[in-house]
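Protein chains: 2
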Amino acid sequence: MKFFTKLAIQATNAPQPIKAAFDLINTQLYSVEERIRQQARAFDPAVEGYIAYACESSGKRLRPALALLAGGATGNINSSHLDLAVVLELIHAATLVHDDIMDGAEKRRGQPTANAKWGNSISVLLGDCLFAHALKLSTSFPDGEVSRRIASAASDVCSGEIIQTQRRFDLKLSIADYYRIIEMKTAALFAAAAELGAYINEASPEVISAMKTFGLKLGIAYQIYDDCLDIAGSESSAGKTLGSDFRKGKLTLPILHLLQNASASERHFFSEQILRGEAEDAESLTKIARESGALASAIRTTKKFLAEARGQLGVLSANKYRDGLRDVCETVEQLIERFA
Amino acid sequence: MKFFTKLAIQATNAPQPIKAAFDLINTQLYSVEERIRQQARAFDPAVEGYIAYACESSGKRLRPALALLAGGATGNINSSHLDLAVVLELIHAATLVHDDIMDGAEKRRGQPTANAKWGNSISVLLGDCLFAHALKLSTSFPDGEVSRRIASAASDVCSGEIIQTQRRFDLKLSIADYYRIIEMKTAALFAAAAELGAYINEASPEVISAMKTFGLKLGIAYQIYDDCLDIAGSESSAGKTLGSDFRKGKLTLPILHLLQNASASERHFFSEQILRGEAEDAESLTKIARESGALASAIRTTKKFLAEARGQLGVLSANKYRDGLRDVCETVEQLIERFA
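Protein chains in written order, with my numbering: chain H, 1 to 340; chain Z, 341 to 680.
Calculated from the structure, these hints are not laboratory results.
We put the CB at the ideal spot given by N, CA and C, even for glycine.
Mixed in with the good hints there might be a few duds.
[To be verified] Here are a few chain H residues that face chain Z, going by a calculated C-beta distance under 10 Å:
1. PHE43
2. TYR53
3. THR95
[Claimed, not checked] When the alpha-carbon atoms are kept at most 25 Å apart in a straight line, the in silico BS3-like pairs for lysine-lysine are as follows:
4. LYS107/H <-> LYS248/H
5. LYS172/H <-> LYS19/H
6. LYS19/H <-> LYS320/H
7. LYS588/Z <-> LYS117/H
8. LYS627/Z <-> LYS644/Z
9. LYS303/H <-> LYS287/H
10. LYS512/Z <-> LYS117/H
11. LYS287/H <-> LYS304/H
12. LYS660/Z <-> LYS359/Z
13. LYS287/H <-> LYS248/H
14. LYS248/H <-> LYS643/Z
15. LYS457/Z <-> LYS172/H
[What the hints assert, rightly or not] Residues from chain Z that keep clear of chain H, each with C-beta distances beyond 10 Å, as calculated:
16. ARG381
17. GLY415
18. LEU475
19. ARG650
All chains should be modelled from the sequences, with the hints used to inform the complete structure.
As structure tokens, then:
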């Protein structure tokens, strides 16, 4: 069975390139899954079930895929790459559990969230357990630098999340602020995946640095896509409630573009809608974002970041995993073009 | 100024031995405070204020004191001990921030909690930031083993907390279960403080192991004391709302002793009170716990653990820091005797 078929509701209509990229690392992704399941079993039996549930329902395994592809693109995929993939996914799973608490989300990828199932208290602790366990695992790398960079990325993720939360409903949020937030909360972990995939293979500093930049640019592009999904996607394909960024006062790139290009009176009107955060306002604002070209502008920005990411791959010698990394970029590009 | 005078509401009527122990490490505790403040400044300016507040209001610096005293008792207190102290306190601060969310606590040590000030979302992330940052700092120790043991203790703390939460209102909780929970959620970090204080000094395996056991026993004793405080203390000296364990269904040692020694009909009556979790039931149950000897029994248990902790100190050669560690035990003993 292909690993990809296990993945998310998106799998059925997922772009071809991501399927090709996942095919390359099919065996290793299964090993990563097995190791993630083993991690759940390493917990006290009283805790194991929660951990297993959170890991199962967490994500699309993008960060593991990136770590593995970066490993393949810079040498061989070895056991340390699998460990790296596990650690990154556990950190990501931890942040999702806490995100869902803060958003009061009921579903993730079509399944009840941990907070919907067990309440907020267990979920706060479940996120903590995942996080602590991930960082504990990361201290097992023989080279302490790997664990240092992972912990640093994890710290960036948390700082990015707190700034984002602090600046909900803040109409003074600039586009530069937005980039800084998504760089920390999302791109830092993508960057760590790609960078450390190369670092573990003892690639040259030039290659390691290029891979880090690749991950960073791809992560930014991916987050902009995810933000556009919230206003322009369909619930059935997203597997989650849409418009929730808007209702929670999270100002995303299309909305920031809209505000930037609005006249004074339009700006006043949009601002009032944002501050109200009502579902019907979300719908009307989405429509305006689409018609005014603000969404198109966010799509163009995404493509720019993807092009910059792809540009970094030039330092690598040609191989199928390098093509796989390019395919990941291609996937995000195809996904965001669906909103055009 | 003595560091101790900064500490908590308890300082004014704190037992003499803890003052003596803190006097020994007064200078180093100030350095630890300064380093903790530096850590807050290392964050993005948008986050710094939250971090600083959580660190200021967090704790009694028991874990740092333990790390420093263990350092002194096994050699010299060096810069790594200060770093260890900072890391342990940040982990502890993180857990307190999350505890306060789960308990819906309004005050800690007389100050508004983070959740009371900024709401649950910011507080979830604030705890995450503190935690991630602590583990990031811990990866800076030249010896990876230090960071491994810290991460492992942090993971135990989180698992202990989740089991405790899961078993709220669970009348089948045994005394053995209770010990397992407090060993993980509290004693693991005390154990890491004492163990690593010795480990950093390259003490013999025998000494390192004895110090770990010392920390573990002391941590268990301290948690039983803290649990007794919740039912037998006074709010003014505790600096927090009492009876909250009971209302939250947290079954602590005096209550477990009470249930164990109750007749079938008493047990039925107490169980109903516990399941109701009303404030007035807490008062009546506290009174019964006192009169029936259940509280006295918990006090005896605490003393037993303290004696076991002190017993471990025999492997150390005589010095003032070893006496300081003994003083910490003596302090917990004097504190719990106030409830007799």
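Next on the checklist: Of all the hints numbered above, which does this structure not satisfy? Sort the numbers upward.
Outcome noted: 2, 5, 14, 18
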